[in-house]
Structure formats: C-alpha cells, structure tokens
Amino acid sequence: LAATFLTLDDLAPNRVLCGIGAWWDPLAQNVGIDRRKPLAAMRETVEVLRRLLRMERVTFHGEFHHVDGIELDVVHGRR
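Going by the numbering used here, the letters in the sequence shown line up with residues 1 to 79, in that order.
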C-alpha cells in the first residue's frame, strides 16, 4: 500500500489522497477479514503506513500487524 501511494505521488505530486477505511461488514465477511476491532486494526495500518511514507525503516508489533525492519525500496522518483 505504501509503495503504491509513493509511486502515485511521484507521478502526480501533491494530488493523491490515501483513503483508508475499517472495512464494510458484508465485504469483510466474504473475504474472510476478522472485524473484531476494526478501528484498532485501522490505526495500526495508518501507523505503519505513515512511517513507511516518511521513509523510515519500520519495526512494529501490534495486535493485527507485525513487521520487522521493513522499508520502501525507492528506485525512481524524487525521494
């Protein structure tokens, strides 16, 4: 997700908005997404995404997301 939005921002600087939601129950059920705590899951997603877009190396261990030392691999662009 972070890499996609970084690429879009390189293609259309300052014109891309990232909209993140907590899933819609019928759709989530159809694809097997557990919505026990949708806002907590969304907060974790936003935390990791923000840090990646600040070009940080991210280690994060939450209830829903676990990453160890990940970072965006920028090959092209203004970053």
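In short, the hints are calculated from the structure, not lab data. Hints are supplied without guarantee of correctness; some may be wrong.
Quick list of the computed label-pair ranges, beta carbon to beta carbon [claimed, not checked]:
| id | residue 1 | residue 2 | range |
| --- | --- | --- | --- |
| 1 | L27 | M55 | 29 to 37 Å |
| 2 | T59 | R15 | 27 to 35 Å |
| 3 | R15 | G69 | 28 to 36 Å |
| 4 | P26 | M55 | 34 to 42 Å |
| 5 | D68 | A12 | 29 to 37 Å |
| 6 | D25 | E56 | 14 to 22 Å |
| 7 | E71 | D25 | 29 to 37 Å |
| 8 | N14 | R35 | 13 to 21 Å |
These numbers come from a predicted model, not from an experiment. For each residue, glycine too, the CB sits at the ideal point set by N, CA and C.
For this structure, which hints from the list above don't hold up? Structure breaks hints 6 and 8.
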